[in-house]
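**Student:** Sequences listed follow chains A and B, in order. Under the working numbering, think of the first position of the first sequence as 2, with each following residue one higher. Under the working numbering, think of the first position of the second sequence as 1244, with each following residue one higher.
FYI, nobody ran anything at the bench for these hints, they're computed from the structure. Ideal Cβ placement from N, Cα and C applies to all residues, glycine included. Be careful, since some hints might not be right.
With the Cβ distance kept under 10 Å, some of the chain A side facing chain B (calculated, not the full set) [unchecked claim]:
(1) P16
(2) T18
(3) A19
(4) R80
(5) D82
(6) K110
(7) G208
(8) S231
Over 10 Å on every C-beta distance to chain A, these chain B residues come out as not near it, computed from the model [what the hints assert, rightly or not]:
(9) P1288
(10) V1366
(11) I1446
What follows is the residue order along each chain.
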Amino acid sequence: MTGIPASLGLPRKPPGTARQGLGATGRLDDWALAPAVQAILFTVCATYLFVSGILFTPLLGTPYEVDGYLSPLFSPLFRPDWLPTWISPGLFILWVPLGFRATCYYYRKAYYRFYFADPPGCAVGEPSLHKRYAMETRFPFILQNLHRLFLYLAFIPLFFLWIDAGVSVVHDGQVRLGLGGAILFVNAFLLTGYSLSCHSLRHIVGGQLDCFSCSRRTRVRYTLWQRLTSLNLHHMAWAWASLIVVTLADVYIRLLAIGAIADPAIRF
Amino acid sequence: MPDAHLRVFRGDSSTEGRFEEFDVPVEEGMVVLDALHWIQGHAAPDLAVRWNCKAAKCGSCSAEVDGRPHLMCKTRLSDFDLEQTITVEPMRAFPLIRDLVTDVSWNYEVNKTIQPFTPPTDVPQEDWRWQQEDIERVQEYRKCIECFLCQDVCHVLRNHETERPFMGPRYLVRAAGLEMHPIDQADRREYLKDSGGIGFCNITKCCTEVCPEHIKITDNAIIPLKERVADAYYDPIGWAWRKLRGGDAESGARAELPVLQGNPPQTDEAPD
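Excised from the complex, chain A in its bound form (with noise of 0.2 Å):
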């Protein structure tokens, strides 16, 4: 295509008179508040998932599986008879859901205000550190352009899942209608929910198209991204809620397997 050239410079941009320094703002109202949580709320979750994920079963031999319920930090089971006991099944598959979050479109927003302070908040001064900014168009942050390659691998833990949460009905010969199984089926609902309403699955599956309406296939298209923009809407929901509901899961099938508790079920 001709017309401007790629290699056409943007001209520079005259500097301005924002306040420069961490927190330097004009603003009156509780800004710092929603990162702050987000923050806490975050750090417990992904600590603790990685915790429970890689280091309770080789140092403390805590189970992650129970009755036929398998915590979904470990699902698909992977062990084979040559892995070591100091090496939790757990790493095989956590880098896949570690990979779709820390490359996902909205939890590179939150992370970038409170882990990065890049901004802390809109219109508040970011640490002098910034300085030489390159953010996305460099390395560490241009692997964030590769989130759809961990989209398309996190549908298969979540094809797991579901399995897991349907297996767990039956146990025993017996159909078990139990908390444990209602957890992994909500998990197994919002991880759905959370891969579904992904920006880049959006992009791929009508976004990049141009024109809805040129034919068939197109239309079809359409329609997905309608559904799938819908879903797009509350991806920051679906984000918190299937975070904080797969660290419950894992917390209760920890919590069973060491008879903490017990699970309320009816059999028949």
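Once you've looked at the hints, dock chain B against the given chain A.
**Tutor:** Relative to chain A, chain B alone:
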């Protein structure tokens, strides 16, 4: 109703500037711009304020009220606690001209670097046929009134002097409107990646928060453009798929145009 206590920035590019305080009588429905007009009429006739329509459509009266970018004609005094001082400052991302007026001309220079609307040369305009669903996305971007509040709040423009300039959310919205136009033929992805600096945007959504037209700038313009750039440059699976199909770096979507079927394309060799 109590008086509003306003603290207004005064100064020009040759001075550091200062804040002057004014008590303004408040009437029902008053906006910040009304208060500034009262100040101009009663206390400081030389106060510089850029405004035009007073209907939130011209995008002229952008400023920062209590530290947040706002259109002053759309910001009601009743939204504030009138017991507290209301601070009005110019947009901080741009050079100051005087008082509340800033020099936003840089934005227009950026605009000139974007390849304009590029329809196919071989399809007469009367044969263009698109449906509402094809153009809805673009219509959202076209709501932009160029108030530059998004540019003002964008931390890349506000806080970072980068080695390569960043075009900012306003012009990513414009580029999105062109890229997603059903009959536009240009491919601006290389421009967006290399010149426009789309990678500098770290999608913190401040632009979306301040847009007076409620354009979902980040979700509907910037992220889709980032994904289009990823299509071309950061998707090994897509690259392999295109190689297998024998396609080039452009998405297959570009092959389809909403034009009237059955009319042969006109060529330069067509008889007069």
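**Student:** Checking a non-interface call: every C-beta of chain A should be farther than 10 Å from the C-beta of I1446 (chain B). Is that right?
**Tutor:** violated (5 Å)
**Student:** Minimum C-beta separation from V1366 (chain B) to chain A exceeding 10 Å: can you confirm that?
**Tutor:** holds (13 Å)
**Student:** Does the closest beta carbon of chain B sit nearer than 10 Å to the beta carbon of A19 (chain A)?
**Tutor:** holds (4 Å)
**Student:** For the restraint on G208 (chain A), tell me whether the closest CB of chain B is nearer than 10 Å.
**Tutor:** Holds, about 5 Å.
**Student:** Under 10 Å is the threshold here; is the Cβ of D82 (chain A) close enough to any Cβ of chain B for the hint to stand?
**Tutor:** Result: violated, 33 Å to nearest chain B Cβ.
**Student:** Mind verifying the non-interface call on P1288 (chain B)? Its CB should be farther than 10 Å from each CB in chain A.
**Tutor:** Consistent with the label, P1288 (chain B) stays out of reach of chain A, its closest Cβ about 24 Å off (over 10 Å).
**Student:** Let's test the interface hint: is any C-beta of chain B closer than 10 Å to that of S231 (chain A)?
**Tutor:** violated (12 Å)
**Student:** A closest beta-carbon separation below 10 Å is what the hint needs, so does T18 (chain A) meet it against chain B?
**Tutor:** holds (5 Å)
**Student:** Verify the interface restraint on R80 (chain A): the C-beta must sit less than 10 Å from at least one C-beta of chain B.
**Tutor:** Where the cut-off is 10 Å and the nearest Cβ of chain B is about 29 Å from R80 (chain A), the hint is violated.
**Student:** Checking hints one by one. Is K110 (chain A) an interface residue toward chain B, by the C-beta closer than 10 Å rule?
**Tutor:** holds (5 Å)
**Student:** Regarding the hint that P16 (chain A) lies at the interface with chain B, is the smallest CB-CB distance below 10 Å?
**Tutor:** At 7 Å from the nearest chain B Cβ, P16 (chain A) passes the 10 Å test, so the hint holds.
The structure does not agree with the numbered hints 4, 5, 8 and 11 stated previously, though it agrees with the rest.
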